[in-house]
Amino acid sequence: MPARQFADDTDLRFKIFHELMQSKVRDILLVSTLYDACIIDEDGRLAERIIYEYRGLNLSQPPRLTWVSSASEALAVLDNKKIDLVITMLRLADTDAYALGRELKKKAPNLPVVLLSHSAPDPRCVIESPPRHDIDRSFVWTGNTELLIALVKSAEDVMNVARDTQLAGVRVILFVEDSPLYLSSLLPILYREVILQTQAVMEEALNEEHKLLTMRARPKILVAESFEEAENLYKRFEPYILGIISDVRVPRNCQLDPDAGISFLTNVKVERPDIPLLLTSSELSNAPRAAEIPAKFLNKNSPGLHAELRSFLVRHLGFGDFVFRTPDGREIARVSNMRSLEKILPSIPAESFYFHWSRNDFSRWLFARTEVILASKLRPATDNDFSGDVESMREFIISNVRNRRLRRQKGIVVSLDASDFDPDTDFLKIGKGSLGGKARGLIFISNMLHRNPVLQDKFPEVKFFFPQTLVVTTEGFDSFLEINEMRGMSKTNAPDERVADAFIKAKFPRWIEKKLKVFLSHAKYPLAVRSSSLLEDSRFRPYAGLYRTYMLPNNHPELETRLSQLITAIKLVYASTYFKSPRSFAQRSPHRTEEEKMAIIIQRLVGKQYGSHFYPAISGVAQSHNYYPLSHMRMDEGVGHVALGLGKIVMEGGRVLRFSPKYPQVLPQFATVADTLKNSQRFFYSLNMENPSLAVDLNEDSTLERREVSAADQDGPLGMLASTYLPEEERISDDAIMAGHRILTFSQVLKYGLFPLPEILSEILDMGRQGMGCPVEIEFSINIAQDPKLEPQFAFLQIRPMADERQMMGVKITDKDIAEAFCFSSHALGNGRKNDLRDILYVKPDSFDVSRTPEIVREIDGLNSILAKENRKYLLIGPGRWGSADRWLGIPVNWSDISGVGAIVETTVPELSVEPSQGTHFFHNITTLGIDYVMVASDGEDFLDWNWLASRPIAHETAHLAHVQLTAPFLSKVDGSTMRCVMLPPGKGNGEQQRD
Amino acid sequence: MGSNRGTKKLWSSNRFIHPIHGGTSMQNIVATVKARDPLEKEFHQAVSEVAESVKRVLDSNPRYRHARILERMVEPERVIMFRVPWLDDRGDVQVNRGFRIEMNSAIGPYKGGLRFHPSVTLSILKFLAFEQVFKNALTTLPMGGGKGGSDFDPKGKSDYEVMRFCQGFMSELFRHIGHNTDVPAGDIGVGAREIGFLFGMYKKLRNEFTGVFTGKNLNWGGSLIRPEATGYGCVYFACEMLATHNETLGDKTCLVSGSGNVAQYTVEKILELGGKVITLSDSSGYIYDESGIDRPKLAYIKELKNVRRGRIKEYVGKYPSAVYTALEPGLGYNPLWNHKAACAFPSATENEINERDAQNLVNNGVRLVSEGANMPTTPEGIRIFIDNKILYGPGKAANAGGVAVSGLEMAQNSMRINWTRDEVDNRLRIIMKSIHKTCLDAAAQYGSPDNYVLGANISGFVKVANAMLDQGLV
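Residue numbers (the working numbering), protein chains in the order written: chain R, 140 to 1135; chain V, 40 to 513.
I should point out that these hints are in silico values taken from the structure, not numbers from a laboratory. Treat the hints with caution; some may be incorrect.
[Claimed, not checked] Simulated restraints, written as ranges between beta carbons of each label pair:
| # | chain 1 | residue 1 | chain 2 | residue 2 | range |
| --- | --- | --- | --- | --- | --- |
| 1 | R | Ser986 | V | Lys73 | 19 to 27 Å |
| 2 | V | Ala365 | R | Asp985 | 29 to 37 Å |
| 3 | R | Ser986 | V | Ala365 | 50 to 58 Å |
| 4 | R | Asn830 | V | Val355 | 26 to 34 Å |
| 5 | V | Ala338 | R | Ala557 | 54 to 62 Å |
| 6 | R | Ile622 | V | Glu367 | 57 to 65 Å |
| 7 | R | Trp1087 | V | Gln84 | 29 to 37 Å |
| 8 | R | Glu1080 | V | Ala365 | 38 to 46 Å |
| 9 | R | Asn1086 | V | Ala365 | 37 to 45 Å |
| 10 | R | Glu1080 | V | Ala338 | 50 to 58 Å |
| 11 | V | Gln84 | R | Gly1126 | 28 to 36 Å |
| 12 | V | Arg460 | R | Glu1080 | 58 to 66 Å |
[To be verified] To be clear about the criterion: a stretch of chain R counts as covered by chain V if any three or more of its residues have a C-beta under 8 Å from a C-beta of chain V, and this derived list gives those stretches:
| # | segment |
| --- | --- |
| 13 | 308 to 320 |
| 14 | 800 to 814 |
| 15 | 998 to 1009 |
| 16 | 1032 to 1042 |
| 17 | 1095 to 1102 |
[To be verified] Heads up, simulated DMTMM-like pairs for lysine to aspartate or glutamate below, C-alpha to C-alpha not over 25 Å straight-line:
| # | chain 1 | residue 1 | chain 2 | residue 2 |
| --- | --- | --- | --- | --- |
| 18 | R | Lys663 | R | Glu636 |
| 19 | R | Lys408 | R | Asp524 |
| 20 | R | Lys817 | V | Glu367 |
| 21 | R | Lys597 | V | Asp128 |
| 22 | V | Lys352 | R | Glu847 |
| 23 | V | Lys341 | R | Glu868 |
| 24 | V | Lys341 | R | Asp814 |
| 25 | V | Lys242 | R | Asp873 |
| 26 | V | Lys341 | R | Glu847 |
| 27 | R | Lys246 | R | Asp223 |
| 28 | R | Lys1008 | V | Glu367 |
| 29 | V | Lys80 | R | Asp988 |
| 30 | R | Lys801 | V | Asp198 |
| 31 | R | Lys571 | R | Asp561 |
| 32 | R | Lys719 | R | Asp561 |
Quick reminder that beta carbons are idealized off the backbone N, C-alpha and C, glycines included.
Input sequences plus hints: build the corresponding full structure.
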């Protein structure tokens, strides 16, 4: 089966399991005389006992019991209530069971009706009497409450078997027995074993949901009371038969046939020699006949009947442990779960391996564990498929079991079990509380990755993965505060250092510490310790970035030291809940610090070690929406930001590379050599691995190094991402082979396809948008190596909605806004609503002289300096292309001349009728700082109300410039989706002035 | 002499005709230019400046007026405007406009850059082409003047889009250029990448490998010393100026402004010739290093500026004995020019030396100013230099090194050889010497000895004018 199919099936597995056991017995109608009822309900607590039995078997939802004493009452109940199973005693107050059955079947032909009698009816009488289609099955009550469970389960199995086998390949045990007495005796045992077996499998399940779903997929038991019924059931469910248990003597052609059972089993053996068979009989003389089939034999009168039956189930139907034996039956090893099976297989002697292989024991064992898909994959394999090579067969089993084991963990959160920790699990948690905002995003990614193998299909040469993550839930935070009596911290005004100190000195919950230790004993790689608080979700994005993140080398040889470092980091993240920044923010928001709860994400850091530095080749963020589209870019095609090294430089808005995934070769910030040198990344972050004993403290950057890009020349990644600047030729060569200065252009990736980054980002942005139903922001890291044998890796780190709710609602520009505005543009870059500017610098249109642009630069520089000193941002309005290299085409400012600008308006004048620059001269600055860049065309609907501007009192004036300071900030709205902008005078704006 | 001396009116216009020399006055020439193309303000300014500076030449040489030299000079020999259709990456058709102004070829094939910028128009290119004629002539090399370009914007285009455009552009231009006809180079928006694409297409269409472009990569016909040329040339010019007073640059303390290409190589050559440099600057401020900027410090500056694109103030972090002073916009003068020195090399930007700066230089003992930048000194500042008999080398002459090396590239291509660094450097020095002599001779000839400004303005004009006269009315 190809891998894709497998992945689909694995994904489907639990989804399909939800669909299993659709029909359940929830309401039982018990019809008996008062006397019979007293016999059954010896101490008046039948319902309770049923519940007890259910609990004992860890079954959910025990059925409710309704008791009536007459047929008429029974029919009346049926009129008013949905009944799933009717259990009737033989004699009733007003009629007998058969008559009742007839009447019941008239009303509800599919309603199961079971006869419960105190003694076994004579089989001959049963056969000879009219067809008992009014009664589905007869049992003998011997006081064993487990029989009631068996009745219920049997009824459910009949209702569900057709669908469940079709849907999920659920296995079937065929039980051929006509005697109600033996049926009543053996069926409960069978059900008990199946349920216990399934519960044992459930222990291997990853979470509660999986456990419940596993139970639904347990083997079904179908009962046949005659040869014909057995044959019929066999034919219907042959592909799903796990094993057959048959009495020797069952009715055939309405006559009791002493050989019917043997005939049946013999036929089965011819057709399906692999199906385990058990012949039951109360006569020991039938044992040799069983051996001739061949089948196992069970003496129905054996004092050890239960144990023998169990032995058959365990040994031949794959229940219980997988026991490795030699061909002569000697046990050499046993395993109880798939992980142990995978680990032990390489060391099993070939002889034993082949013994089990040839008997299909592996697939049978897996079938019994509800691993239907995996078992189905293994079963058809024969010796011929591997040319008889045992090692190939072994590897086949191992790789399939491993793949299955790994895949089933994808996309789900597993509680860390200290006693049974699987280091291959992607997503673990400690505690029961919430996972917090960030962690929910991680789960979503893990799910998304798991459910969308299309990514792997499209990019088979890339390994996509989700770094191993452990979350300490908010229960940990609560526990921490509790044991340290720190609930009152929300009221603190202490400086951050004191808060941190208090947390570091505080006790740490032992129950978490124990589990962390188990985790760390396996996790010996660098870690990132991050916050995942309740308030860090899409609605409360401003909280994101307020809390601490720590990167730990985690490379000390002593486990206790590493544990101590991790615990300290966790404490400091907890402490950051009460630091000044989040407290200040909370004061301005409707949320209170005391509402905040902190979960902790401990995630494997993606990257490789180069000398004493650890970092990924590329880190980045991709966003669905590009608010600065240039050329033929569209906003909804998204944008990516990438950097060499850890993603911290991207998150803090450092100089990194911004590009459109759809047009990766359009890089306006690299238009000229000078631009490339100016705008390319110069610094990157790596994790310092040199000092394993480094103490973790308040400074979250203490383990990081900020290095010059040129310092990484000998490391691998730079050689694949950099170009070379050749000063003697004033050009840049798109390789890192020539001698010269290395410049990070990512040309090999963006232009020459070294790694399909643009295509991957386009794909995952689409996936993310569909998955979340809104524009998204995705963090990622990439490892690539020069060695073509090493597979490049793409790691998903985080996903979140791109904007908070207000921004997602969009900025609305109304007709009223336009009517009241002093500036309107139909071509603006940026997005959002701002009202933090009161100062406007504009080039006076009347005195503008294109030959004087250098002087205008000096005047702007002067006013910029004054305003920058006072920390006042301003709106800059002027003609032509701001920053143009040619003084005749625009005002040739450098960024330093306008460093305090908050927004820019580019106008046109007759002398400078030039194509708008779209801010390309300062592209990096305006995109990084989120500066709105507005172009007001001379034609069309755009306008700038010069009269209004001219009527404002002037604060400063030069020969060519005027500086206006308004009494209050004006409102600026840029609708990124339509690229329109309005600027409204103070006091205007539909009452939508932004509140602080 | 009567008004009608047989001088035929060339125009039926209401222009004043000089009673003695014939021809029209400067004002009328300028007025005609303005009237003919009223919106070409940049061109008007350039013509006005040239007219002003060469007035005495025309006054002294009636044959120039008679032959309407200036009227002919202000009119391009040829203007080629053409359509450039090309396909973008999405397969959509784009159409741009291409231009080539072949202004004057009296002393050599047309020579001048190509500019790709969305607002390139005929008027801007004409003004640039006009200035190029005199700039090239000043080098004393056989290069005429021209300029070209397109309204294509390389910003925001992929490499392949730029390539397709260049190929489309060259598919028309190739028939008008050649190593003996018109030799374009780079300019704004036309760098090494574009030159490569343009040359590749030319070579394919013409089936010949000739030096039809300058600014080529070293790998296939480019010349060494190109980045250094302007800075080196500025220093060579200064040496020639000093030599007129039997002085050398050795042990001279020098102030250099800027920290870009021109400034860096100015410093490098000064050091090589034994001088001492104590300042460098950028738009934020300047550093003063009393002990002098030596070679290791210069190497640091180069890395800081060329690779790391850092600010000059980082220099004091590396060399704490130096002092950094931030620029104060409202100060009214630049304190960089207020240090004791012998020579000043403004290499930063236009109008960086005003009248007060010039006076400060004079007061601090500076006796030589050699301009590496374009028009770094205001007219008032120039007046101070001239009045104080400072050896003042205007940018037009002193920074002609870059253009000169273009000529050297053409020469190497013609000979199918590549000169070594030293060979190119040596020839550059010879050219700067020649430029210096030409300026000096012209200044002396026209009554203002040692006035390099006058000399530079006149010598280029005279060279071209004489050649035009020799070649008849073409």
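Here's how the hints hold up against the structure:
no. : hint                             : in the structure
1   : Ser986/R - Lys73/V: 19 to 27 Å   : 21 Å, holds
2   : Ala365/V - Asp985/R: 29 to 37 Å  : 34 Å, holds
3   : Ser986/R - Ala365/V: 50 to 58 Å  : 30 Å, violated
4   : Asn830/R - Val355/V: 26 to 34 Å  : 31 Å, holds
5   : Ala338/V - Ala557/R: 54 to 62 Å  : 60 Å, holds
6   : Ile622/R - Glu367/V: 57 to 65 Å  : 60 Å, holds
7   : Trp1087/R - Gln84/V: 29 to 37 Å  : 34 Å, holds
8   : Glu1080/R - Ala365/V: 38 to 46 Å : 44 Å, holds
9   : Asn1086/R - Ala365/V: 37 to 45 Å : 39 Å, holds
10  : Glu1080/R - Ala338/V: 50 to 58 Å : 56 Å, holds
11  : Gln84/V - Gly1126/R: 28 to 36 Å  : 46 Å, violated
12  : Arg460/V - Glu1080/R: 58 to 66 Å : 59 Å, holds
13  : 308 to 320                       : violated (count 0)
14  : 800 to 814                       : holds (count 7)
15  : 998 to 1009                      : holds (count 3)
16  : 1032 to 1042                     : holds (count 3)
17  : 1095 to 1102                     : violated (count 0)
18  : Lys663/R - Glu636/R              : 30 Å, violated
19  : Lys408/R - Asp524/R              : 24 Å, holds
20  : Lys817/R - Glu367/V              : 24 Å, holds
21  : Lys597/R - Asp128/V              : 23 Å, holds
22  : Lys352/V - Glu847/R              : 18 Å, holds
23  : Lys341/V - Glu868/R              : 15 Å, holds
24  : Lys341/V - Asp814/R              : 16 Å, holds
25  : Lys242/V - Asp873/R              : 23 Å, holds
26  : Lys341/V - Glu847/R              : 16 Å, holds
27  : Lys246/R - Asp223/R              : 13 Å, holds
28  : Lys1008/R - Glu367/V             : 12 Å, holds
29  : Lys80/V - Asp988/R               : 10 Å, holds
30  : Lys801/R - Asp198/V              : 15 Å, holds
31  : Lys571/R - Asp561/R              : 19 Å, holds
32  : Lys719/R - Asp561/R              : 40 Å, violated
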